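> Build the full structure now, drawing on both the sequences and the hints.
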Amino acid sequence: MTGQITLLVLGRLGVALITLVIVSFVVFGATEMLPGDVAQILLGQAATPEAVAGLREAMHLNEPALLRYAHWLFGLAQGHLGTSYANHMPIAGLIGGRLMNTLQLAAVTTVIAVPTALFLGITAAMYQGTLYDRVVTTTIVAVISVPEFMIATMAVLVFAVWLKWLPALSFANDVASFGELLRIFAMPVITLCCVISAQMIRMTRAAVIDALKMPYVEMALLKGASRSRIVLHHALPNAIGPIVNAMALSLSYLLGGVIIVETIFNYPGIAKLMVDAVATRDLPLIQTCAMIFCFGYLTLITAADIIAILSNPRLRR
Amino acid sequence: MPLVDVRDLKVEARTDAGRRIEIIRGVSFTVAEGEITALIGESGSGKTTIALTLMGHARSGCTITGGTVELAGRDLVAMPESGRQQLRGTEVAYIPQSAAAAFNPAQRLIDQVVEVARIHRLMPMAAARAKAVELFRALALPEPETIGNRYPHQVSGGQLQRLAAAMALIGGPRLVIFDEPTTALDVTTQIEVLRAFKTVMKQGSMGGVYVSHDLAVVAQIADRIVVLKGGEVQEEGPTEAILHCARHPYTRELLAAFEPLRSDAPAGAANRPPRPVVEVKDLVAGYGPLGKDGLPFSVALRKVSCRLERGRNLGVVGESGSGKSTLARVIAGLLPPASGRVQLDGRELAASARGRSKDELRRMQIVFQLADTALNPARSVADIVGRPLTFYHGRKGRAREARVDELLDMVRLPRALRHRLPGELSGGQKQRVNLARALAAEPAVVLCDEITSALDSVVAAAVIELLKELQRELDLSYIFISHDLSTVQAICDEVMVMYKGEVVENLTADQLPDGARHAYSKLLFASVPKLDTGWLDSVPATVA
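In the order they appear, the protein sequences are chains W and D. In terms of full-length UniProt numbering, the first sequence opens at residue 1 and continues consecutively. In terms of full-length UniProt numbering, the second sequence opens at residue 1 and continues consecutively.
Where hints are given, some of them may not hold.
As the list claims (entries may be wrong) - Here are some, though not all, of the chain D residues that point toward chain W, as calculated from beta-carbon distances under 7 angstroms:
#  : residue
1  : Met55
2  : Gln85
3  : Arg88
4  : Gly89
5  : Tyr94
6  : Ala102
7  : Phe103
8  : Asn104
9  : Pro105
10 : Ala106
11 : Glu115
12 : Val116
13 : Ile119
14 : Tyr151
15 : His153
16 : Gly311
Please keep in mind that the hints were generated in silico from the structure rather than gathered at the bench. What you are looking at is a predicted structure, and each value in this text was computed from that prediction instead of being measured. Every residue, glycine too, gets a C-beta built ideally from N, C-alpha and C.
Structure representation (structure tokens):
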């Protein structure tokens, strides 16, 4: 049986790897299809045709696309991310700090949003149909319905403009103290929590309610188990699969989907870097950012699937 | 003072539309210390609802609105929920209908069995485990020392049911509630489980409430019987008295449904030369991909041959997993066999239903066990029955409507039901619609796959009667698959006994039940409970 689990997990990892290769192909192809000649754009309107041709030669742009793709993928696998077109700096250096910033924001949001979502989802399921449940579910629907830029703008208006408690812009680079850190992170984190936890709460509540309908839950009740024991011991372990999947989907948003939040709060994260790269037509940078987002997404989804496989009692010995 | 004293109990249910219906209307009965009382009645009679009130529990949507339920002098209705929690598992314990569903799939069996001791802090865990092993042994479970380390999906249905009994008994309750604990089991398994229950209940001198619709099972284990219908007590008395001198008409109806109905020889069958309508030769079938030897991964049928003659009925019996439903699926073309042939009226049929002609499909219809899942819940009865009329016979409009009415008459359903959805019908009515749909095709052969298994005995008897009538009128032949031997006996001319995918014996109806020669058929027929309180003790233990 354990062999079967190993096989399933390895299979899942293999699928993730294949997906990653396909995604890299799509990313490369999509940037390749962008209109305009890179050498021409880099050298500007006044460049002589000879200069453009020379640059093309230097950048290997005359080689077939497939060969360049292979080069790029090979380099990527070895950690050579390439050089930026715009300022000729190594991409690894450009991304490094920005990625850390985004991951920091994601980590703080996760630490706050996941426990809150679990708590609200589980308690709403436990007290299904009560006033508490209705308040929670109605609020969630309201929060889901409001777009994030609206929440972000409202937060700025309330906390920065009216109350003057928090700065309107975040610069993660000059953090002096823990209080400073809190002040900087407060608004982006609040906004992101609103965006991602609503879905997590809904899915958790639904999964636990489904599990609570099972006959073994009634059996636990008839054994004299308390309500919290019934939920935590009998319902929750059987609802882990769907809950973890919902969490992974929501959390993946923290990598690729934070563009709006990073832009509004002027937070120096990787999503904002990518937007800037698009403006300067910095293809290697765009490709790398896209690959990082896809990699993060795949990691989360694969982890959720593996947890679901491991939590399936039928596969246990 | 009696152990249980239920007085004028009333329970209300709220429908989805918000309407309140009284489902238990003033029920009173008592259970003495150490006595087992059976609550018997068809589904919807409120027997499970009453049993659950003995634990102070009402399922969601239901509320206890009146009366008292006293357990050893304490009223469970008036008590706060925390008080009831303390009694559950320690004073009163529950054995569910489907242990397979009542065990948490994510936990080891032993942890669930000793959970009562953990919740109520009855004893140290090591002592609880030791007691559990003792109970496993008393319940005749195999490998009592280690069976608890398995997960629920790793043991059989009969073993799970006994494990559920161990789970109920671990807290040393004074009252045990059995909620149809053997209904989901094969007869051969049922007898083992019943025997195990009876032994431990006698040893522990516990009181019990046994909920069932099967009088013969109840006769083996109960001291008293309470007959319920529509949420009211119809009759109450000692088991012997109920079985032998029932006064209430409903009780007599229940008893009558139990009389083994002899299959009367179909009219004219004797003087017609036998002509096989369905002939099956050397069928091998199963599930999963074919291996190198040409056999499927999991073989369900091994070289099965049988024949059905026109106007006669073939019964197929055997325990679950014997391959009887697979046989029906192969004959109907739903599951192409690995090898072997199926002939209809002497002509060979394509292996898969897709390769058969419309007329071949029409002449052979299948009726499934669960009418609930076989009928589209979003279609009205008229749509469901009318669809094959259009498909096979091209009937439309008024002609189709008129034929639907005729078919509803044929299966004894009021025409007014034609606009109802399946969800608005009772179990028996749904099975009749299911049958009417098969008849709409005007078939020569009807494959009946466990069609009475989900029905109460009275309703099932009525459906069997209907099948016989239809056979006389429409010149049908049935292949009747069932694990319930008395229904097979009531309708079939020949009976084929299957075991692990093989035909072990072919018998004619008049040889039943004593003419069986093969050891497995003997065991199967001997395991059918009889309406006789001494039956269980009289069956030699070697059978069980």
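> Is the hint on Gln85 of chain D kept, meaning its closest Cβ partner in chain W is under 7 angstroms away?
Gln85 of chain D check passes; min Cβ-Cβ to chain W is 5 angstroms, inside 7 angstroms.
> Are Val116 of chain D and chain W close enough, Cβ to Cβ, to be under 7 angstroms, as the hint says?
holds, 5 angstroms
> Does Tyr94 of chain D pass the interface check with chain W, least Cβ-Cβ distance below 7 angstroms?
holds, 4 angstroms
> Tell me if the interface restraint on Glu115 of chain D is satisfied: Cβ within less than 7 angstroms of some Cβ in chain W.
The hint holds - Glu115 of chain D has a Cβ within 7 angstroms of chain W, the shortest such distance being about 6 angstroms.
> Could you check if Gly89 of chain D really has its C-beta closer than 7 angstroms to a C-beta on chain W?
OK, holds: Gly89 of chain D within 7 angstroms of chain W, min 4 angstroms.
> For the hint on Arg88 of chain D, does the least C-beta distance to chain W fall short of 7 angstroms?
Result: holds, 4 angstroms to nearest chain W Cβ.
> Should the interface hint for Asn104 of chain D be scored as holding, given a Cβ-Cβ cut-off of 7 angstroms against chain W?
It holds, given that the least Cβ distance between Asn104 of chain D and chain W is near 4 angstroms, below 7 angstroms.
> Just to be careful: measuring from the Cβ of Ala102 of chain D to every Cβ in chain W, is the smallest value less than 7 angstroms?
holds, 4 angstroms
> Do the numbers back the hint for Ala106 of chain D, that is, is its least Cβ distance to chain W under 7 angstroms?
Result: holds, 4 angstroms to nearest chain W Cβ.
> Let me know if the C-beta of Met55 of chain D comes in closer than 7 angstroms to any C-beta of chain W, holds or violated.
Cβ of Met55 of chain D sits 6 angstroms from chain W, so the hint holds.
> Hey, does the His153 of chain D contact hint survive, CB to chain W under 7 angstroms?
holds, 5 angstroms
> Just to be careful: measuring from the Cβ of Tyr151 of chain D to every Cβ in chain W, is the smallest value less than 7 angstroms?
holds, 5 angstroms
Of the hints listed earlier, the one the structure fails to meet is number 16.
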